[in-house]
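Chains as they are written, first to last, in the numbering used here: chain A, 38 to 373; chain B, 20 to 377.
Hint data in this document are derived by calculation from the structure and do not stem from the laboratory. Incorrect hints may appear among the rest.
[As the list claims (entries may be wrong)] Some, not all, of what chain B presents toward chain A, calculated at C-beta under 10 Å: (1) Arg-88; (2) Ala-90; (3) Leu-105; (4) Tyr-106; (5) Leu-109.
[Stated by the list, open to error] Here are a few chain A residues that sit away from chain B, every Cβ distance over 12 Å (derived from the structure): (6) Ala-204; (7) Asn-349; (8) Leu-356.
On a predicted model such as this, the values are computed, not experimentally measured, just so you know. Each residue gets a CB set at the ideal place from its N, CA and C atoms; glycine is no exception.
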Amino acid sequence: MSDRNSDFGGLPVDELVAKADAALGQRKTRVRDSHWVRTWDHFRREWQIYVMLLPTIIWFIVFLYKPMYGLQIAFKDYSIFRGVANSPWVGFEHFQTLFSNDQFIRAVRNTVTISFYNLLFGFPAPIILALMFNEIINATYKRTAQTIVYLPHFISSVIIAGIVITAFSPTAGIINTIISWLGFDPVYFLTQPEWFRPIFVGTGIWQEAGFGSIVFLAAIAGVNPSLYESAVVDGANRWQMMWKITIPSILPTILIMLIIRIGNIMEVSFELVILLYQPSTYETADVVNTWVYRQGLQSGQYDLAAAAGLFNAVVAFVLVMTANTLSRRFSRTSLW
Amino acid sequence: MSGVELDGIVKAYGALQVVHGIDLNVAEKEFVVLVGPSGCGKSTTLRMVAGLEEITEGDLTIDGRRMNRVAPKDRDVAMVFQNYALYPHLNVADNMAFGLRIRKMPKAEIATTIADVAEILGLTPYLDRRPADLSGGQRQRVAMGRAIVRHPKVFLFDEPLSNLDAKLRTQMRAEIKRLHNRLGVTSIYVTHDQVEAMTLADRIVVMNDGRIEQVGTPMELFNHPANTFVAGFLGSPPMNQIKGVLTETGAKIGNTEIKLQGAINGHAGRDVIVGIRPEHVTLGQTAETSSLPIELDLVEPLGSEALLHARYGNDNMVFKADTNGDIAHLSGVEEVHVPAHLVKLFDAETGRALALGA
Numbered sequence: 038m039s040d041r042n043s044d045f046g047g048l049p050v051d052e053l054v055a056k057a058d059a060a061l062g063q064r065k066t067r068v069r070d071s072h073w074v075r076t077w078d079h080f081r082r083e084w085q086i087y088v089m090l091l092p093t094i095i096w097f098i099v100f101l102y103k104p105m106y107g108l109q110i111a112f113k114d115y116s117i118f119r120g121v122a123n124s125p126w127v128g129f130e131h132f133q134t135l136f137s138n139d140q141f142i143r144a145v146r147n148t149v150t151i152s153f154y155n156l157l158f159g160f161p162a163p164i165i166l167a168l169m170f171n172e173i174i175n176a177t178y179k180r181t182a183q184t185i186v187y188l189p190h191f192i193s194s195v196i197i198a199g200i201v202i203t204a205f206s207p208t209a210g211i212i213n214t215i216i217s218w219l220g221f222d223p224v225y226f227l228t229q230p231e232w233f234r235p236i237f238v239g240t241g242i243w244q245e246a247g248f249g250s251i252v253f254l255a256a257i258a259g260v261n262p263s264l265y266e267s268a269v270v271d272g273a274n275r276w277q278m279m280w281k282i283t284i285p286s287i288l289p290t291i292l293i294m295l296i297i298r299i300g301n302i303m304e305v306s307f308e309l310v311i312l313l314y315q316p317s318t319y320e321t322a323d324v325v326n327t328w329v330y331r332q333g334l335q336s337g338q339y340d341l342a343a344a345a346g347l348f349n350a351v352v353a354f355v356l357v358m359t360a361n362t363l364s365r366r367f368s369r370t371s372l373w
Numbered sequence: 020m021s022g023v024e025l026d027g028i029v030k031a032y033g034a035l036q037v038v039h040g041i042d043l044n045v046a047e048k049e050f051v052v053l054v055g056p057s058g059c060g061k062s063t064t065l066r067m068v069a070g071l072e073e074i075t076e077g078d079l080t081i082d083g084r085r086m087n088r089v090a091p092k093d094r095d096v097a098m099v100f101q102n103y104a105l106y107p108h109l110n111v112a113d114n115m116a117f118g119l120r121i122r123k124m125p126k127a128e129i130a131t132t133i134a135d136v137a138e139i140l141g142l143t144p145y146l147d148r149r150p151a152d153l154s155g156g157q158r159q160r161v162a163m164g165r166a167i168v169r170h171p172k173v174f175l176f177d178e179p180l181s182n183l184d185a186k187l188r189t190q191m192r193a194e195i196k197r198l199h200n201r202l203g204v205t206s207i208y209v210t211h212d213q214v215e216a217m218t219l220a221d222r223i224v225v226m227n228d229g230r231i232e233q234v235g236t237p238m239e240l241f242n243h244p245a246n247t248f249v250a251g252f253l254g255s256p257p258m259n260q261i262k263g264v265l266t267e268t269g270a271k272i273g274n275t276e277i278k279l280q281g282a283i284n285g286h287a288g289r290d291v292i293v294g295i296r297p298e299h300v301t302l303g304q305t306a307e308t309s310s311l312p313i314e315l316d317l318v319e320p321l322g323s324e325a326l327l328h329a330r331y332g333n334d335n336m337v338f339k340a341d342t343n344g345d346i347a348h349l350s351g352v353e354e355v356h357v358p359a360h361l362v363k364l365f366d367a368e369t370g371r372a373l374a375l376g377a
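Sequences are here, hints too, so could you generate the full structure?
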């Protein structure tokens, strides 16, 4: 007993423990609300926001998530009479068929090539346009120029295709008229495979570069005006300010748009290809989506078309993930 | 001589004139502060000196050369902006080197200059950091560094401390003052903070509504304000201004007569505004003071002193009193005593200071 008392100022250990327990009992215990309680509180407080979110969620479920159920036909011998659930599984048979199909391989090659040209020429176009708009001082001229370049975006692809077909027509098209004036023979542009890609990419730029520049113009508008004033005092001219201030300042926006663009690399504008291509230009014009359309809807091979669509989606997913990771690592900018 | 001379400077945006003929001479190595309320034209004036705003009328001369049509880069001025204007994509060293690279200074010389200025400003450990990774005070220093490396003839500061918290502002204020003493570069500094103006300036220019109200050393302006605006703008809390009428021996405000010093003979019956600085009153009476009965409303302790918010008739007034470590004795104050030699008089109509009284 003497040992038990010696270290605690003479108090017996039992008494000390009892005192400590009493002291602890008096202390208020802090209870942290569970995650669910806090979530519920948050929901009750901010329910209006969730109500506003609802239409978007429903749209996603109906048009993007529910159709995923149908993706399984990529692995089945699908029959519309037996339905999705009752069609027999065939594993990767359709993918084997796809990769042994020369036309599909050609479509993949065309998709990647056209996308690459789109990225190479189509991606910088709205940035350059935005930088040019930013340099226009006269407000009226600027507004007029902007309206003119935004306009093609609001025109239906069918009309755009009509304009292109008319413009490149060997008999009445303006291009061939000019060629004739110069003393050359008319060129049948839209029937020659080597002309499809330049015309397609050029049309895409004409249609979308103006509207695409809005995002970059908005980013430019967000650049702190003091940066330019400071540069003016430091002696920078407009060219130097564009290279040293504007472009670096909008670089995060450029990178985000690039990531999104890379995510859509397998999504070449389906309608425009359908409207502009013809069997004589399939060699350079037929892309995965048009191939899927012909196989799925026109030939009724839904399972094969689903497999091609799934392949497309997987490639796009891998690309966007890679681009996002690289961007986050090297520039601190990323989509998520 | 790298002085700055503004001669009848006017700024108008279309029909709207915002600066109405500024005349000001800033001597070489002088630190001049333009102070005034928001919208008084002080920043516009500074921006005209920098070349960021066109001068509508008048002449701007820097170092003896007319600068109206000279591009900002050729004026040899450096400006520190309110929001620092640091390039977010460049690190501290590159931010500071920006202007030097534009001017094609040799790389080795740039490196030496940056190293020297970074050392002066205590920025050496942060040279490879981006502005986002710096504190407010450090960013402010980088902004100053960017101006200093250029070795300009004139420094222009546009409210450089207004984005800092009170403590940091006091600290940076002292640093700017030390830096000016060390570099001796002609400086024009814009602020709406009268404490900054008082502490930094060799001379203060008080502006109001696009015009200069008064130019002088801080103490000249504090002790001899030219008008009620300057009297109300400089000093914290501002000077109490009460309507009164001159008598043969002083100024009558309400039923109280305040004794005045100086020549007031022959002015009896003239309407005036009586100015009493909050810190000039005493709680004890002497032969040279007049008693002003007040209704004490509120006592705000500030530590060594306290603010007494009081009413006199329909006028609200604020006075300062020493606490001597306790404010209990202040709660019963019923009158303050106004020293005759410190009372200011202004014309009731024009608001101009009268050469009567003190």
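Do the hints match the structure? See the list:
For the restraint placing Arg-88 (chain B) at the interface with chain A, the shortest Cβ-Cβ distance is roughly 15 Å, beyond the 10 Å limit, so the hint is violated. For Ala-90 (chain B), the shortest C-beta to C-beta distance to chain A is roughly 8 Å, which falls under 10 Å, so the interface hint holds. Restraint check, Leu-105 (chain B) versus chain A: the minimum CB separation of about 8 Å is within 10 Å; hint holds. Taken as an interface hint, Tyr-106 (chain B) checks out: its beta carbon lies about 6 Å from the nearest beta carbon of chain A, inside 10 Å.
At a threshold of 10 Å, the smallest CB-CB gap from Leu-109 (chain B) to chain A is about 8 Å, leaving the interface hint in force. No Cβ of chain B comes within 12 Å of the Cβ of Ala-204 (chain A); the nearest lies about 42 Å off, and the non-interface call holds. At the 12 Å boundary, the C-beta of Asn-349 (chain A) stays outside the reach of chain B, the nearest C-beta of that chain being 36 Å off. Residue-level check passed: Leu-356 (chain A) sits 26 Å from the nearest beta carbon of chain B, beyond 12 Å.
The structure fails to meet hint 1 from the earlier list, while all remaining hints are met.
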